[in-house]
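Build the full structure now, drawing on both the sequences and the hints.
Sequence lines, in order, name chains A and B. Just so it is clear: in the first sequence, position 85 is 85 by my numbering, and no numbers are missing. Just so it is clear: in the second sequence, position 158 is 1158 by my numbering, and no numbers are missing.
Calculated directly from the structure, the hints in this document are not laboratory data. Misleading hints may appear alongside valid ones.
To be verified - Some chain B residues flagged as far from chain A (calculated, every beta-carbon gap over 10 Å): (1) Asp1003; (2) Ala1004; (3) Asp1025; (4) Arg1071; (5) Gly1094; (6) Asn1172; (7) Glu1176; (8) Thr1184; (9) Arg1199; (10) Ser1210; (11) Ala1224; (12) Thr1230.
Claimed, not checked - Cβ pair distances, simulated, as ranges: (13) B:Pro1029 / A:Lys142: 43 to 49 Å; (14) B:Ser1107 / A:Val21: 37 to 43 Å; (15) B:Pro1123 / A:Val21: 30 to 36 Å; (16) B:Glu1079 / A:Gln139: 24 to 30 Å; (17) B:Glu1185 / A:Lys212: 27 to 33 Å.
Since this is a predicted model, take the numbers as computed values, not measurements. For every residue, glycine included, the Cβ atom is placed at its ideal position computed from N, Cα and C.
Each chain is listed here by its residues.
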Amino acid sequence: MSAQPAQADALPQARTDFIPVLIVVGIALGAFALIGSASTWVTLTVAGLAMGLLIFIMASGLTLVFGLMDVMNFAHGLFIAIGAYVAVSVLRIFGAAAGADSFAANLAAIAPALLAATVVAGLLGLFFERVIIRPVYGQHLKQILITTGGMIVAEQLIHVIWGPDQLPLLRPPTLRGAFLIGDIALEKFRLAAVVIGLAIFAALALILNRTKIGLLIRAGVENKEMVEAMGYRIRRLFVAVFVAGAALAGLGGALWGMYQESVTVLIGAHMMVLIFIVIIIGGLGSVGGCFVGALLVGLVANYVGYLSPKIALGSNILLMVIVLLWRPQGLYPMSKQ
Amino acid sequence: MADALLALAGVHTHIGHYHILQGVDFAVPRGELTMLLGRNGAGKTTTLRTIMGLWPASAGSIHFDGADIARRPTPSIAELGIAYVPESMGIFAGLTVQENLLLAARSGPLDDARLEWIFRFFPAMKKFWFLPAGLLSGGQKQMLSISRSIVEPRKLILVDEPTKGLAPSIINNLIEAFRELKKTETTILMVEQNFHAARSLGDAVVVMDSGRIVHSGRMAELAADEALQTRLLGLSLEVHQ
Chain A
1 MSAQPAQADA
11 LPQARTDFIP
21 VLIVVGIALG
31 AFALIGSAST
41 WVTLTVAGLA
51 MGLLIFIMAS
61 GLTLVFGLMD
71 VMNFAHGLFI
81 AIGAYVAVSV
91 LRIFGAAAGA
101 DSFAANLAAI
111 APALLAATVV
121 AGLLGLFFER
131 VIIRPVYGQH
141 LKQILITTGG
151 MIVAEQLIHV
161 IWGPDQLPLL
171 RPPTLRGAFL
181 IGDIALEKFR
191 LAAVVIGLAI
201 FAALALILNR
211 TKIGLLIRAG
221 VENKEMVEAM
231 GYRIRRLFVA
241 VFVAGAALAG
251 LGGALWGMYQ
261 ESVTVLIGAH
271 MMVLIFIVII
281 IGGLGSVGGC
291 FVGALLVGLV
301 ANYVGYLSPK
311 IALGSNILLM
321 VIVLLWRPQG
331 LYPMSKQ
Chain B
1001 MADALLALAG
1011 VHTHIGHYHI
1021 LQGVDFAVPR
1031 GELTMLLGRN
1041 GAGKTTTLRT
1051 IMGLWPASAG
1061 SIHFDGADIA
1071 RRPTPSIAEL
1081 GIAYVPESMG
1091 IFAGLTVQEN
1101 LLLAARSGPL
1111 DDARLEWIFR
1121 FFPAMKKFWF
1131 LPAGLLSGGQ
1141 KQMLSISRSI
1151 VEPRKLILVD
1161 EPTKGLAPSI
1171 INNLIEAFRE
1181 LKKTETTILM
1191 VEQNFHAARS
1201 LGDAVVVMDS
1211 GRIVHSGRMA
1221 ELAADEALQT
1231 RLLGLSLEVH
1241 Q
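In structure tokens form, the structure reads like this:
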């Protein structure tokens, strides 16, 4: 018989902190009371969840990179932009399939576009870590300067390769339009974004909680030195996390480009404000916090945009201020040593 | 005397502009528990961290089991079979007791017999198996930190002030655990300020002052010589039991 205690033998259990999740639900219910129309509320809620989950895909890597190595990567938006531009190029190649009225043909165009966006952004992340980040480990000011500089150079390279104009990134016919259920209109693309976002969150949660690599990442976020003293090479782990974070940002960028149906070189830079708000609200280094923070930001942006458009622009800053006044370390703070 | 598992010769360590270790020479006999004593600021913690490569030596040699490890990175030093229990305990607060031990078991899954052996010393580890380590008491955190270091057989364990800040009953518990551990002939280098614990457990002793070794010998001899204790440590072990 195993010496390891079974769940029933080990009496004390950790209490999960559900308060932030309940706040998300509370905001949704409060918005329902203010909006008054069920169909409008469902449409806004799905839009908010889709926006939140797309932000989560883009932000999850950055929060781990910061948590694991204290690296402030202001060029994270570059990976988002590259993902979007690569998706544009691949969808051009598969133009006929992307424009066909067939789910299988559309999938045959979208899948390689998303895969290429993920892989190219990941490879760029590997190059970026080696050339730009590695020389400035532990030097925050230099990290801000050099990653911002790297982003400016890379944006100019995007101009050279894809040109300075805004490019269309049209959704294939399968993802256009909406499902109508009574008065409720559910946009197909937003539903697809929700499904992809939830699948990525589930995959990340599984890796972080059920694999040794995941344990090492969580341990490394808390205490890098002790992980090294146990015989693990944290630098290799960091490179892997950095590449995975860049790849996810590339995937998120491709999806965000489809969400907006257009791509500009500033697509990533524009997202960075929301991404920083999300990872700060969530607690730096916390993937669970990033997930809840992203949902909060997505829902609040959509509800406030409908209820009071004049304050929509500042609503997420206000949200961040309120959350930090309540929990200064974020919703799910990581204990760092 | 047993042969030396670890030997430091002329080790210097700088932290920023500070010259902390100023030519440290001592040996840790194989299969024994060596106590590293000294006043606050003498360089004891720096010595352990230098051995682990966390604050690399700027000069000198550190031989472990015949190999010079002074210029090696920390993970490859740990891979040689050296475990480190820092003064801060270094537990991963967000990970459960089980996950902390899983990470410490580098070579594979947890060994059941070894776990039973650990649970005998520290029953709290079994009771709080699924609890995040950050919710444990100070004494339980220390037990977890030590459990991690022995979850697999190690050649050498470096322990930094394991009894610091703990209640006397917990200290006695830890002393018993280290006595059991000594029976496995694991080599231990321990920094300790609690002289009762130091005298109870130590086979050999090394005393530091201002970044240098000022005495090395058998613990029994130091424990028996009050004048020597007062000269080296500024006080007598007898009055600090």
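Hint by hint, here is what the structure shows:
1. Asp1003: 25 Å, holds
2. Ala1004: 22 Å, holds
3. Asp1025: With a cut-off of 10 Å, Asp1025 of chain B remains clear of chain A, as the shortest Cβ separation is near 24 Å.
4. Arg1071: 16 Å, holds
5. Gly1094: The assertion about Gly1094 of chain B is violated, with a minimum of 6 Å to chain A.
6. Asn1172: Non-interface label on Asn1172 of chain B holds, nearest chain A Cβ at 24 Å vs cutoff 10 Å.
7. Glu1176: 20 Å, holds
8. Thr1184: 17 Å, holds
9. Arg1199: 28 Å, holds
10. Ser1210: Given that every Cβ of chain A is farther than 10 Å from that of Ser1210 of chain B, nearest at about 26 Å, it holds.
11. Ala1224: The assertion about Ala1224 of chain B holds, with a minimum of 36 Å to chain A.
12. Thr1230: 36 Å, holds
13. B:Pro1029 / A:Lys142: 43 to 49 Å: 47 Å, holds
14. B:Ser1107 / A:Val21: 37 to 43 Å: 38 Å, holds
15. B:Pro1123 / A:Val21: 30 to 36 Å: 35 Å, holds
16. B:Glu1079 / A:Gln139: 24 to 30 Å: 29 Å, holds
17. B:Glu1185 / A:Lys212: 27 to 33 Å: Holds, at about 30 Å.
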